[in-house]
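Peer 1: The lines below spell out each chain.
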Amino acid sequence: MKTSQFLWKLIMFRPGLYTLDALLVISSWLIFIIPGYVAREFFDALQVGEDNWWIWAVIALLVVGQFSRVILILFNIIIDVTFRNMTTALLRKNMIKKVVGHPASSKLPKSSSESISRFREDVDETADFLSWTSLLDVVGAAVFALVALVIMVRIDVLITLVVFLPMVAVVAVAHIVRNRVEKNRIEARETTGNLTELIGELFGSVQAIKVMSAEENVSKKFREVNQLRGKAAIKERLFTNILNATFTNIAEIGTGIILLLAASAMRDGSFTVGDFALFTYYLTWVTQLTGRFGMLTARYKQTQVSHKRMREILPTEMEAELAEHSDIYMKGDYPEIKEVRKKQEDFLNLFEIKGLRASYNGTDKGIEDIDLSIEKGTLTVVTGEIGSGKSTLLSAILGLVPIQSGEIFWNQSKVEDVEAFFEPPRASYVSQVPQLFSDSFYDNIATGEKSKENIYEAIRLAQLEQDLEQLEDGLDTVIGTRGRTLSGGQMQRTALARALAKDPELLVLDDISSALDSRTEEKLFNELLEKNKFTCVVSSYRPFVLQKADQIVVMKDGRIEAVGKIDQLLEISPTMRKLWEKEVEQVG
Amino acid sequence: MSTKTGIIRLVKTYLVPHWMLICVLFISVIVTIGLQLIGPQIIREFIDSATLGSTMDHLTFLAIVFLGIALIRQLITIGSSYLSEVIGWNASNELRNDLALHCLKLDMSFHNKTTSGGMIERIDGDVTELANFFSRFWVVSVSNFILLLGILVLLTVEDWRVGVIFTLFSLVSMLTINKIRRLAIPHWGSMRQASASLFGFIEERVAGAKDIKATGGSNFMMNKLYQLMRDKFIKERKASIIGGLTWNFTIAFFTIATALGLGIGVYLYFRNEATIGTVFMIYAYVQMLRVPIEQLIIQMQNFQRASASILRTQELFETKSEIISGPIEFPTNKAVSITFDNVTFQYEKEKEQVLNQVNLQLEAGKKLGVIGRTGSGKTTIIRLLLRLYQPSSGNILIDGLEIKNYQIESLRKHIAIVTQDVQLFDGTLRDNVTFFDDSISDNQIIRALEELGLLDWLHSLPDGLDTRIGKDSITFSAGEAQLFALTRVLIKNPAIVILDEATARIDPSTEKLMYRALDRLLENRTGIIIAHRLKTLQKVDEILVLDKGQVVEHGAREILEEDISSKYYDLLQGQKEDQSA
Chain A
1 MKTSQFLWKL IMFRPGLYTL DALLVISSWL IFIIPGYVAR EFFDALQVGE DNWWIWAVIA
61 LLVVGQFSRV ILILFNIIID VTFRNMTTAL LRKNMIKKVV GHPASSKLPK SSSESISRFR
121 EDVDETADFL SWTSLLDVVG AAVFALVALV IMVRIDVLIT LVVFLPMVAV VAVAHIVRNR
181 VEKNRIEARE TTGNLTELIG ELFGSVQAIK VMSAEENVSK KFREVNQLRG KAAIKERLFT
241 NILNATFTNI AEIGTGIILL LAASAMRDGS FTVGDFALFT YYLTWVTQLT GRFGMLTARY
301 KQTQVSHKRM REILPTEMEA ELAEHSDIYM KGDYPEIKEV RKKQEDFLNL FEIKGLRASY
361 NGTDKGIEDI DLSIEKGTLT VVTGEIGSGK STLLSAILGL VPIQSGEIFW NQSKVEDVEA
421 FFEPPRASYV SQVPQLFSDS FYDNIATGEK SKENIYEAIR LAQLEQDLEQ LEDGLDTVIG
481 TRGRTLSGGQ MQRTALARAL AKDPELLVLD DISSALDSRT EEKLFNELLE KNKFTCVVSS
541 YRPFVLQKAD QIVVMKDGRI EAVGKIDQLL EISPTMRKLW EKEVEQVG
Chain B
1001 MSTKTGIIRL VKTYLVPHWM LICVLFISVI VTIGLQLIGP QIIREFIDSA TLGSTMDHLT
1061 FLAIVFLGIA LIRQLITIGS SYLSEVIGWN ASNELRNDLA LHCLKLDMSF HNKTTSGGMI
1121 ERIDGDVTEL ANFFSRFWVV SVSNFILLLG ILVLLTVEDW RVGVIFTLFS LVSMLTINKI
1181 RRLAIPHWGS MRQASASLFG FIEERVAGAK DIKATGGSNF MMNKLYQLMR DKFIKERKAS
1241 IIGGLTWNFT IAFFTIATAL GLGIGVYLYF RNEATIGTVF MIYAYVQMLR VPIEQLIIQM
1301 QNFQRASASI LRTQELFETK SEIISGPIEF PTNKAVSITF DNVTFQYEKE KEQVLNQVNL
1361 QLEAGKKLGV IGRTGSGKTT IIRLLLRLYQ PSSGNILIDG LEIKNYQIES LRKHIAIVTQ
1421 DVQLFDGTLR DNVTFFDDSI SDNQIIRALE ELGLLDWLHS LPDGLDTRIG KDSITFSAGE
1481 AQLFALTRVL IKNPAIVILD EATARIDPST EKLMYRALDR LLENRTGIII AHRLKTLQKV
1541 DEILVLDKGQ VVEHGAREIL EEDISSKYYD LLQGQKEDQS A
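Chains as they are written, first to last, in the working numbering: chain A, 1 to 588; chain B, 1001 to 1581.
Quick caveat, the hints were computed from the structure, so don't treat them as lab data. Take these hints with a grain of salt, some might be off.
[To be verified] Computed list of lysine-lysine pairs in PhoX-like fashion (alpha-carbon distance at most 20 Å, straight line):
#	chain 1	residue 1	chain 2	residue 2
1	A	Lys97	B	Lys1512
2	B	Lys1224	A	Lys582
3	A	Lys220	B	Lys1413
4	B	Lys1224	A	Lys450
[What the hints assert, rightly or not] The following label-pair restraints were derived from C-beta to C-beta distances:
#	chain 1	residue 1	chain 2	residue 2	range
5	B	Asp1159	A	Ala60	22 to 32 Å
6	B	Leu1175	A	Ala320	51 to 61 Å
7	B	Ile1241	A	Phe67	13 to 23 Å
8	A	Lys376	B	Asn1395	54 to 64 Å
9	A	Glu571	B	Lys1512	22 to 32 Å
10	A	Arg357	B	Pro1186	56 to 66 Å
[As the list claims (entries may be wrong)] If you want the footprint, here are the derived chain B segments under chain A, 3+ residues with CB under 8 Å:
#	stretch
11	1075-1083
12	1257-1270
13	1423-1430
A quick note: this is a predicted structure, and the numbers were derived from the prediction, not measured. Where a beta carbon is used, it is the ideal one built from N, C-alpha and C, also for glycine.
Using the sequences and the hints given, assemble the complete structure.
Peer 2: Here you go:
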C-alpha cells in the first residue's frame, strides 16, 4: 500500500472529525484576510484626510474578526487532539494486536527499544503529518494565499508577480536541498535509535552491570553513542534552520522589492499607502506558505519512512492491514473479555505431528522430520543436549516458530492454522524464560480468565499458594518490572499458574525444572497428571520426570533420535544413555 | 525542590562552561535586533518622501538600504541558530551522560520500579526536551525581550504617550498570559506520565509477545491498552486546551494592540502631530510587537514542557542511593570469612520479611551450600552480600569488617557470581564479557573460553569475538548463554565465588565442563553455592537450610549427612528415592 493510500485510509477512519478539523483550520486562516483589508481601508481613508465613522468601523471589524478566530482555535485544538489520538490509537492497536497475535511471523527488531520507537515516534509522526501542524495547516495557508493573491493582483499585477518570484526561488532551493535534509534526518534518527536502544539494554541488564561493577565502563560506551547522536542532530538542525531563517526573512526581502517597484507609483498616487500596507501584511503570511510547503514535503518523506517502519514489523501478509478500521474504545465501556468455552472438538484425545519441519526464518538451527503421537493425559518429555532443538520443537507445536512443512492433527483432523489454533483452551505454554508483567499477581495469572475457581486451582497446582501466603497483599501484590523482585522459581511457577488458569487441554512446559527444587517439581507433576486431565509435553533432564514419562523424545541435531520409555531408551539411544549417566552420576 | 532551583543547578553545571560561545551568540543576536528595528524607520522616511514627491534616486536608495539590511540579517540569523544548536546539544549531551551514569548507580530498589522503556523516556525524552530548552529557550527569549524593549523605546522617542500606552499594554498582556500559562504545567506533566506508562506497557508486552499469545492473554492485554490510550488522550486533551488558552489570549491582546495603534494614529494624524509615514511606522512597530510577545509565549510554553522535564530530571538527580560506598578498598584476593549478624530484610517497608534474623558464620576458604524452597530467601542473601540491597537491620561482615565500610566497586569486583538467569545485551561477544572494560585483553577472554571448552564454538562464529548477539537472539540457548556468561567470572580474580543455581539450565554433558571450571574457580576461595539439586553440593563444607527467610539448620555437611534427624538428611533421602524409583 502506498503511503498516500495509507494516509487516506487513516483519514477515513474518522472522516467527519477530519473534515471538521480541516474546515476549522481553513476558517481561521481566512480570517487573516481581514487585517490586510482593514489596513488598506484605514490608510486610504487617512490619506483622503477626513476623520469619519468609516475609519472607526474598519478598526471594529478587525477586532471582531480576530476574536472569532480565538473561538475557532479553541475548537480546533479539541478537534485536532482528538483526531490525532484516534489515529495513533488505531495504529498502535493494530500493530500490537498483530505482533502479539502472530509472534512467529512478525518481524520485530531484535532490541525492544527499537521496536518501541516504531510504536512511539513513527506513529506520532504519521498522525502529526495529517494534523493541523502539518498538512491541514498548509491546506489552510494555501486557501488563504489564493484569496490574498487574487486581491493583490487586482491592485497591481506587476508588483504581485515580481514579489512572488523570490518565493519561487526559495521553493526551488528547498527542493534541491531536500535530499540532503532527508539524509541528515535519517542519520539523526538512526543515531537516536542507537542511543535509546543502548539505554534500554543498559537498564534491562542493570543488575548484571552492578554485579560486574561496570557502571563506569558502560557509561563510557554511552558517552560515545551519545556524542555521535549529538553530532548528527546538530547537522540535521543546521539545514532545517537555514530553511527556516530563509522562510522567515523572505517577507522582509519582499517588502524591499515592493519599495523598489512602487517608488514611482507611490509618488504619483497610483499605489497608495493603503495598498502598501495591504501588500506587506499579506506578504508576511503568504511567504509562510512557502516555508510550510517546503516543510510539508520533507515531512511527507518522513512519514513514508515511518509508514515503512511500522509496516515492516508486521507479518508480511498483514502489512496492508496496518490502518484497518476497528473500534478503539476511546469512550464508553471497554470490550468484554469473552469466556472461551471448550467445544466438543476442543477436548483432546490424540495429538499427532507428521513430518514437521520448522525453523526461525529459515536458519539451519531448526527441526526436521518430526513424527510424534501423543495421547490424552500422558506425559511426553523432550530431552537432548544443548542446541538439539528441544525448545524449537516445543515452540513449533504451538506455532511460535514458522513451520516450513509437515502436518499437525488434533483428534485426527488436520490443523490448518497452527498459530491460531494452539491457544487456550486447547493449549497453553510456559516458556524457558517466562515473561511476567508489572501488574498484580492476579492480573498476571488471570490475564482475562474470569473463573475464580480455575484461577485458584491453577495457583494451587502451580505450587504458588505458599508464596502468596507470605505476601501481605496476597494476589494483589504488584510484581515489579518483568517480575524482577521474584525469584526464578517464583517466576516460573507464576507463569505456570498463568498457563493453567486457562484450563488448557495440552500443556507445553519448556524447561520448567530449572528453577524448581526437586520436591516442588515432583509434587507438581504428580498433581498435574493425577486426574488424567492435562496432556503434558515438557523438556527436562530430571530423572524423576524421565521416569514418570509415558514417552521420551530424544532430540539430536534437530531430529528425533529415539522415542520410548526410559528403560527402552537406555538400551537403544546413546544420547539418552549419556544424559542419564551424567545425571545419575552427579546425584551420586 | 522547585523548578527554579532545578534550572539554576542545570544552568550552572551545563551552560556556564560554554560562556564564550554564548557571548558570541548574544552579540550576533543583538546586531540582528538592531537591524530589525531600523526597518520601519526607513519605511516611514520612504512613505513620507514618496507622498511628498521626493526624487526617485532618494526613494531607490532607501529601498536598496532596506533590502541590504534584510539580506545581512538573513546571514546572521543562520549563523546564530547554528551556534545555539551547538551549545544546546553539547550541554544536554553532558547532562544525559551524567544522568545515565547516575541512574545506573542507583539502587536495585529503584530499578525494580522502573521499566527500561520508562528510562528511555526519562534519559532521552526528557533530556532532549531540555536540549531545546538549552539551545533555543535562552536565546529566543532574551533576544525577543530586547526586541520588545527596543520597540517600546523607539515608540517612546516618537511620542511619549504612545510609548507609555504600549509599555503598559505589554506589561499587562505579559503578566496575564504568564498567569494563564502556569495553569497548564501540571497538565503537561500528567500527560507525559500517561504517555510513559503507555509506552512502558507496550514495551513489556511486545517483549513478552510469545508468552501472551500462547497463554491466551491477548484480549486482556488489548483491554489494558485501550485503557492506557484513553487515559493518555484525556490527559493530552486537557493539557492542550489549557495550554492553548495562552495562545488565544495572545491573539486577543495583539488584536487590541493593533486597534489601539490605529486609533492613536488617527488621533495624532488629525491633530497634525504625525505624518502618514509616522502613523505607518507606529502601525509597523505595533505589528512587530506580535513577534516578541508571541515568541516569548511560545518559549514559555516550551518552558512549561521543559519544566516538567526539569522537575523529573531534578527528581532523578535527587534520588540518592541509600546504599553508600564505604572508604576502604577491598583488601585481598585471598579467601575471606563471611558473617551474617542478625540480618533481617524486606524489599519494601511494610512488606513481608524475606530474611528474618539470619545468623551465619563462614570461615575463610570454606564452601557453604544453601538450600531451601524457592522463595525461602536464598538469592536474597547473595543480593545483600553484593550490596545490591541493604539489610533492614543487622550487619554483614567480611573478614570482620562490616561490608558497608568497603568501596562498593571493589567489593563487587571481588565477588564473582554465576546465576541461572544470564543477562545478555545487544552487542559484540567481547562487550558482553568485558562490559566495555578496555583493560581486559582478547587473550584473557580467549583463555577463559578455552577453559570452558568454548573455543571450537568461538571459531565457528563468523566474526569471532566481534560477533554481535541480540538480546533475544535465537541461536543462543539458555544453557549456552550461561556457559558463555561464565567467562565474565573467569576473567575476574575474586575472593568470594557465588553460584546461584548456576547449573540449572545446563544439560548434563555441558555441566561437566562447567563443574571443572567452577571447581578450579572455587579453589582457595570462599564459596556460597545455592542449589536445589543436592548433588551439586557434594563438595561443600557446610550446609545452610533456609525456610521462609529463617535459618532452620546450619552445620557441617558430613555431620548432617549422617544425622537422621536433620532436614538435610531428609532431603537427601528424598532425592535418592527419585533415583531409585
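Peer 1: Hints first: check each against the structure and report whether it holds.
Peer 2: Hints, verified against the model:
{"no.": "1", "hint": "Lys97(A) / Lys1512(B)", "verdict": "violated (44 Å)"}
{"no.": "2", "hint": "Lys1224(B) / Lys582(A)", "verdict": "violated (47 Å)"}
{"no.": "3", "hint": "Lys220(A) / Lys1413(B)", "verdict": "holds (18 Å)"}
{"no.": "4", "hint": "Lys1224(B) / Lys450(A)", "verdict": "holds (16 Å)"}
{"no.": "5", "hint": "Asp1159(B) / Ala60(A): 22 to 32 Å", "verdict": "holds (24 Å)"}
{"no.": "6", "hint": "Leu1175(B) / Ala320(A): 51 to 61 Å", "verdict": "holds (55 Å)"}
{"no.": "7", "hint": "Ile1241(B) / Phe67(A): 13 to 23 Å", "verdict": "holds (18 Å)"}
{"no.": "8", "hint": "Lys376(A) / Asn1395(B): 54 to 64 Å", "verdict": "holds (57 Å)"}
{"no.": "9", "hint": "Glu571(A) / Lys1512(B): 22 to 32 Å", "verdict": "holds (23 Å)"}
{"no.": "10", "hint": "Arg357(A) / Pro1186(B): 56 to 66 Å", "verdict": "holds (58 Å)"}
{"no.": "11", "hint": "1075-1083", "verdict": "holds (count 4)"}
{"no.": "12", "hint": "1257-1270", "verdict": "holds (count 8)"}
{"no.": "13", "hint": "1423-1430", "verdict": "holds (count 5)"}
In this structure, the earlier hints numbered 1 and 2 are contradicted, and the remaining ones agree with it.
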